[in-house]
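With the hints as your guide, set chain B with the ligands onto chain A.
As a plain string of letters, each chain reads:
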Amino acid sequence: MELNGNVPSGPLAQKWSEYIRHSKLVNPANKRKFEIIVVGTGLAGSSAAATLAELGYKVKAYCYHDSPRRAHSVAAQGGINAAKNYQNDGDSVYRLFYDTVKGGDFRARESNVHRLAEVSVSIIDQCAAQGVPFAREYGGTLANRSFGGAQVSRTFYARGQTGQQLLLGAYQALSRQIGLGAVQMFNRHEMLDLIVVNGHAKGIVTRNLATGEIKAHTADAVVLATGGYGNCWNLSTYGRQSNATAIWRAHKKGALFANPCYAQIHPTCIPRSGDYQSKLTLMSESLRNDGRVWVPKRREDCGKHPNDIPEADRDYYLERKYPSFGNLAPRDISSRAAKEACDDGRGVGPGGRGVYLDFSEAIQRLGQHKVEERYGNLFDIYKEITGEDAYRVPMRIYPAIHYTMGGLWVDYGLMSNLPGLFVLGEANFSDHGANRLGASALMQGLSDGYFVIPNTINNYLAAQQEKRPAADGVESAQAVADVRAGIKKLLDINGQRTVSDFHKELGNLLWEKCGMARDKDGLEQALREIPRIREAFWRDAKVTGEGEDLNQALEKAGRVADFLELAELICQDALHREESCGGHFRSEYQTEDGEALRQDDKFAYVAAWEFKGVGAPPVLHKEMLNYEEVKLATRSYK
Amino acid sequence: MNVKLKVWRQASGQQSGGFEEYEAKELNPNMSFLEMLDEVNEELIQAGKEPIAFEHDCREGICGSCSLMIGGEPHGPEYRVASCQTYMRSFKDGDVITIEPFRSKAFPVLKDLVVDRSAFDRIIQAGGFISVSTGSAPDANSIPVPKVSADLSMDAAACIGCGACVASCKNGAAMLFASAKAAHLNLLPQGQAEKDRRVLAIVETMDAQGFGSCSNTYACESACPKGITVDFIAKLNRDYALASVRTKLLGAAA
Ligand SMILES: Cc1cc2nc3c(=O)[nH]c(=O)nc-3n(C[C@H](O)[C@H](O)[C@H](O)COP(=O)(O)OP(=O)(O)OC[C@H]3O[C@@H](n4cnc5c(N)ncnc54)[C@H](O)[C@@H]3O)c2cc1C
Ligand code: FES
Numbered sequence: 001m002e003l004n005g006n007v008p009s010g011p012l013a014q015k016w017s018e019y020i021r022h023s024k025l026v027n028p029a030n031k032r033k034f035e036i037i038v039v040g041t042g043l044a045g046s047s048a049a050a051t052l053a054e055l056g057y058k059v060k061a062y063c064y065h066d067s068p069r070r071a072h073s074v075a076a077q078g079g080i081n082a083a084k085n086y087q088n089d090g091d092s093v094y095r096l097f098y099d100t101v102k103g104g105d106f107r108a109r110e111s112n113v114h115r116l117a118e119v120s121v122s123i124i125d126q127c128a129a130q131g132v133p134f135a136r137e138y139g140g141t142l143a144n145r146s147f148g149g150a151q152v153s154r155t156f157y158a159r160g161q162t163g164q165q166l167l168l169g170a171y172q173a174l175s176r177q178i179g180l181g182a183v184q185m186f187n188r189h190e191m192l193d194l195i196v197v198n199g200h201a202k203g204i205v206t207r208n209l210a211t212g213e214i215k216a217h218t219a220d221a222v223v224l225a226t227g228g229y230g231n232c233w234n235l236s237t238y239g240r241q242s243n244a245t246a247i248w249r250a251h252k253k254g255a256l257f258a259n260p261c262y263a264q265i266h267p268t269c270i271p272r273s274g275d276y277q278s279k280l281t282l283m284s285e286s287l288r289n290d291g292r293v294w295v296p297k298r299r300e301d302c303g304k305h306p307n308d309i310p311e312a313d314r315d316y317y318l319e320r321k322y323p324s325f326g327n328l329a330p331r332d333i334s335s336r337a338a339k340e341a342c343d344d345g346r347g348v349g350p351g352g353r354g355v356y357l358d359f360s361e362a363i364q365r366l367g368q369h370k371v372e373e374r375y376g377n378l379f380d381i382y383k384e385i386t387g388e389d390a391y392r393v394p395m396r397i398y399p400a401i402h403y404t405m406g407g408l409w410v411d412y413g414l415m416s417n418l419p420g421l422f423v424l425g426e427a428n429f430s431d432h433g434a435n436r437l438g439a440s441a442l443m444q445g446l447s448d449g450y451f452v453i454p455n456t457i458n459n460y461l462a463a464q465q466e467k468r469p470a471a472d473g474v475e476s477a478q479a480v481a482d483v484r485a486g487i488k489k490l491l492d493i494n495g496q497r498t499v500s501d502f503h504k505e506l507g508n509l510l511w512e513k514c515g516m517a518r519d520k521d522g523l524e525q526a527l528r529e530i531p532r533i534r535e536a537f538w539r540d541a542k543v544t545g546e547g548e549d550l551n552q553a554l555e556k557a558g559r560v561a562d563f564l565e566l567a568e569l570i571c572q573d574a575l576h577r578e579e580s581c582g583g584h585f586r587s588e589y590q591t592e593d594g595e596a597l598r599q600d601d602k603f604a605y606v607a608a609w610e611f612k613g614v615g616a617p618p619v620l621h622k623e624m625l626n627y628e629e630v631k632l633a634t635r636s637y638k
Numbered sequence: 639m640n641v642k643l644k645v646w647r648q649a650s651g652q653q654s655g656g657f658e659e660y661e662a663k664e665l666n667p668n669m670s671f672l673e674m675l676d677e678v679n680e681e682l683i684q685a686g687k688e689p690i691a692f693e694h695d696c697r698e699g700i701c702g703s704c705s706l707m708i709g710g711e712p713h714g715p716e717y718r719v720a721s722c723q724t725y726m727r728s729f730k731d732g733d734v735i736t737i738e739p740f741r742s743k744a745f746p747v748l749k750d751l752v753v754d755r756s757a758f759d760r761i762i763q764a765g766g767f768i769s770v771s772t773g774s775a776p777d778a779n780s781i782p783v784p785k786v787s788a789d790l791s792m793d794a795a796a797c798i799g800c801g802a803c804v805a806s807c808k809n810g811a812a813m814l815f816a817s818a819k820a821a822h823l824n825l826l827p828q829g830q831a832e833k834d835r836r837v838l839a840i841v842e843t844m845d846a847q848g849f850g851s852c853s854n855t856y857a858c859e860s861a862c863p864k865g866i867t868v869d870f871i872a873k874l875n876r877d878y879a880l881a882s883v884r885t886k887l888l889g890a891a892a
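The listed protein sequences correspond, in order, to chains A and B. Note that my numbering has the first sequence beginning at 1, numbered continuously upward. Note that my numbering has the second sequence beginning at 639, numbered continuously upward.
None of these hints come from the bench; they were simulated from the model. The structure displayed is predicted, hence computed values, not measured ones. Backbone N, C-alpha and C define an ideal beta-carbon position, used for all residues, glycine too. Hints are not guaranteed to be accurate.
Straight-line distance between alpha carbons at most 16 Å, and here's what the computed EDC-like set of lysine to aspartate or glutamate pairs gives [to be verified]:
#1 A/Lys542 with B/Glu688
#2 A/Lys542 with B/Glu680
#3 B/Lys785 with A/Glu137
#4 A/Lys383 with B/Glu716
#5 B/Lys687 with A/Asp549
#6 A/Lys504 with B/Glu673
#7 B/Lys808 with B/Glu711
#8 A/Lys504 with B/Glu677
#9 B/Lys687 with A/Glu546
#10 B/Lys663 with A/Asp275
#11 A/Lys504 with B/Glu680
#12 B/Lys687 with A/Glu565
#13 A/Lys504 with A/Glu565
Covered stretches of chain B (chain A as the covering partner; in silico rule of three or more C-beta atoms under 8 Å from a C-beta of chain A) [claimed, not checked]:
#14 663-670
#15 701-708
#16 733-739
#17 743-756
#18 805-814
Taking beta-carbon pairs under 10 Å as the criterion, some of the chain B residues facing chain A (in silico) [unchecked claim]:
#19 Trp646
#20 Lys687
#21 Ser769
#22 Ala788
#23 His822
Isolated chain A, as found in the complex (with noise of 0.2 Å):
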């Protein structure tokens, strides 16, 4: 089957506006009547929820946190891009465009991010009114930085903690909606499957993580805010609790899942020091900008101090093999060049995988006092973590797993192939195409939910009077008795081995074999191996306590579970996907200087999943990328 994506007709410049002015209006008196499921209150799904609301439709808002304002998006360092051309440095909404789809590799649909970048304007006017202290200059206007894969200076930021404020912002106009009583607000509840009726998705079921209470929530409509699944790797960026059981439950209830095998490995972490590691910390992208990248030219001088190694030494690899871009090339070619340089033996740090990122260039450029002004929770991020004071030596960085490009598919007007099912944010898959560019996942979030699907979910909900299910009909009481079975299922397996364990375990086999180089054999390995650790899982696998209780350990479980279906997915589509593009680089497909080799004629297309069972292979259904305005072009940072 050809996936079809709705894209509007017309100029790619006029589509938004186009499908804004087709779109059928709900009344203000109707959409009272209306109610829908918000699951996640990330920047998309607070944003979504509030918008929503302030329409006057009836919301019901779920997450796992305990609060709203904990989602993962807090963690968000470095900024948000948006076309406001303030630095009047010839930035403009087509060059935010065109920029994205260079950076996605053009494996993205062109109109979504068109309209991502027409939309970024307003995003940036909605925070700002909203109280987010951006940073400004001293004359009272918006401060800006630069972020990879960009020659303009388009990033908004709020010291390093852009996420954390605009995740407030969205958090606090969804609070005054939880106020006025129009989202009904359930924290702690997790969402553990998807009611279908008649092919609509009409609800979800959910664990209530305080008590343990299942209960079915019934809606006209359901939208899925659930953030990315980038833990499937274990060791990420990701916070510890970020996980895909909510998008992999609607993908086994019938959601397509698209380009599961993109997902971005960011370059400036800070490498992992022993087996007991539960995360990595990212150091913002940002210090790109002012930071330079090396390792020593000679593999001897590995071992020596850094201030020892003279600069003649040292191989700034980044401005040697990309000096337009240098040490702002994009995020998947960064990483791919740091892993060459350690796997040419002169990484540094721990087990030589490492880099340095040296600021001390920029420190007799600015001084000190200026770049502890720029980054100065940055430093002591790093100097809490390791120890060592990055503005006497260098920076030790190494590439992570970060973001997913990856997630449901959905169409121009954000709904995934089973009417009813809105998903937005890092959980769907639609703008960045197969690598994320700095500072466009929180402008694609709030973009998602203050100003996309206000205006798409209208033409859904506007022929579905009268079709909201009771939260007792058959298809809630099944959808219920399977979630009471699976968690029965997970309690009485009483085997020897804890589920941390079985995801490190996943989680090294993906990183190895599925990370930031991938092969043939290398994958068709893993392909072998995961259906052996899942079969483990089931069989061995200690899950302690009880299922009426707050149980973080069952909590766990549910989601490593998931995750061995899901890591197998993400496997044979990349194992299909005979090209590199982005953040997927398969060793077989490079030029000879080593960049990405993609595959335009037999590639161009988003590969989206059908679930046929666990162990079953998927089916394969294609939506082809049309590009109507931009010319495929051979990526390129030198």
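Relative to the frame of chain A, chain B with the ligands by itself:
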């Protein structure tokens, strides 16, 4: 290194709890405190016992989930870090470390080290926002914000809502939290229109949620992982007094 832990275990809010002792052995000093707890939990699970329940997510000091009283201090011995940013190198081999939840009247214990902090959310729901619906915002640069105001507002906005201030306070007051939110918004030109309504609603809700009153001992400031200063408390008191007077004069929230 090895340490001994005395951990508060409590099956639920309805049951009473008590301390249990555990040994944490062969630790790497570069481990984080939470990674140490992970290892203890792995052993508990292997022994068929229930792991210690505690909250955590980002593990980099920004989400505000982690909330441990370590050795009697919120977030432990280090200054200006959250529990998740505390490393074993801050302790000595052989130390006995007590770990308790963030106790307070307004934060009931749910299980072990997990408490219910939703009273904070209710303060925000009452007034911790600027009322501006999506789509009604003017161009961002049309409201100039002096850099000093933006910076000071950001200092206040840096609060992660962890509740260390409440846990450190002998009265269980939420003044540092509430004043930081009020200051974040009141310091900005965008926040002026509903400034009085905001402070009145925040203060009223704080009292209604069972938080104690502030007696200016300032334990909160030294417990705060984000360095939020008590100057914001003084500002809230001032803003509150003005708002009360203005409201009386005008007969309604201005
Ligand atoms: C360390 C770090 C730094 C980053 N820095 C930047 C940056 O500078 N700029 C940028 O643009 N992007 C950045 N990103 C990426 C960006 O932060 C995320 O992609 C984005 O915030 C995701 O937002 P979201 O709303 O889609 O999901 P999230 O913020 O992850 O929210 C997910 C929500 O879903 C809920 N949820 C999930 N599953 C369930 C379930 N089953 N039941 C109930 N609730 C559920 C959670 O409780 C949460 O509320 C960064 C990411 C990381 C890891
Ligand atoms: S776990 Fe997020 S602040 Fe500690």
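Status of each hint after checking the structure:
At roughly 11 Å between alpha-carbon atoms, A/Lys542 and B/Glu688 fall within 16 Å of each other, so this suggested pair holds. For the hint linking A/Lys542 to B/Glu680, the alpha-carbon distance of about 10 Å falls within 16 Å, and the restraint holds. With a C-alpha separation of about 6 Å, the suggested pair B/Lys785 and A/Glu137 falls inside the 16 Å cut-off, and the hint holds. Taking the CA atoms of A/Lys383 and B/Glu716, the gap is about 13 Å. The hint holds against a cut of 16 Å.
In summary, the hint linking B/Lys687 to A/Asp549 is supported, as the alpha carbons are separated by about 15 Å, within the 16 Å threshold. Restraint check for A/Lys504 and B/Glu673: the C-alpha separation of about 14 Å stays at or below 16 Å, so the hint holds. Using a Cα cut-off of 16 Å, the hinted pair B/Lys808 and B/Glu711 holds, with the two alpha carbons roughly 12 Å apart. Note on A/Lys504 and B/Glu677: the hinted pairing holds, with a Cα-Cα distance of about 13 Å set against a maximum of 16 Å.
Restraint check: the Cα-Cα separation between B/Lys687 and A/Glu546 comes to about 12 Å, which is no more than 16 Å; the hinted pair holds. Distance restraint check for B/Lys663 and A/Asp275: the Cα-Cα separation of roughly 15 Å lies within the 16 Å cut-off, and the hinted pair is therefore satisfied. Simply put, A/Lys504 and B/Glu680 have alpha-carbon atoms about 13 Å apart, close enough for the 16 Å limit, and the pair holds. Distance hint between B/Lys687 and A/Glu565 is unfulfilled; the C-alpha atoms sit about 28 Å from each other, more than 16 Å.
A threshold of 16 Å between alpha carbons decides the hint, and for A/Lys504 with A/Glu565 the separation of about 15 Å falls inside it, so the pair holds. Counting residues of the segment 663-670 of chain B whose C-beta sits closer than 8 Å to any C-beta of chain A gives 4, which meets the bar of three, so the coverage hint holds. Restraint check on the segment 701-708 of chain B versus chain A: 3 residues with Cβ-Cβ distances below 8 Å, three needed, restraint holds. A stretch counts as covered by a chain when three or more of its residues have a beta carbon under 8 Å from one of that chain; for the segment 733-739 of chain B and chain A the count is 0, and the coverage is violated.
Closer than 8 Å: that is the beta-carbon criterion, and the segment 743-756 of chain B has 6 residues meeting it against chain A, so the requirement of 3 holds. With a cut-off of 8 Å between beta carbons, the segment 805-814 of chain B has 0 residues touching chain A; three or more are needed, and the interface restraint is violated. The interface hint given for B/Trp646 is violated, since its Cβ lies 14 Å from the closest Cβ of chain A, which is over the 10 Å cut-off. With its C-beta approaching chain A no nearer than about 7 Å, B/Lys687 sits inside the 10 Å limit, and its interface hint holds.
Proximity of B/Ser769 to chain A holds as hinted, the smallest CB-CB distance being about 6 Å (cut-off 10 Å). Given hint, B/Ala788 at the interface with chain A, holds; its Cβ is 4 Å from that chain's nearest Cβ, closer than 10 Å. The restraint placing B/His822 at the interface with chain A holds, with a minimum CB-CB distance near 7 Å, inside the 10 Å limit.
In this structure, the hints that do not hold are numbers 12, 16, 18, 19, in rising order.
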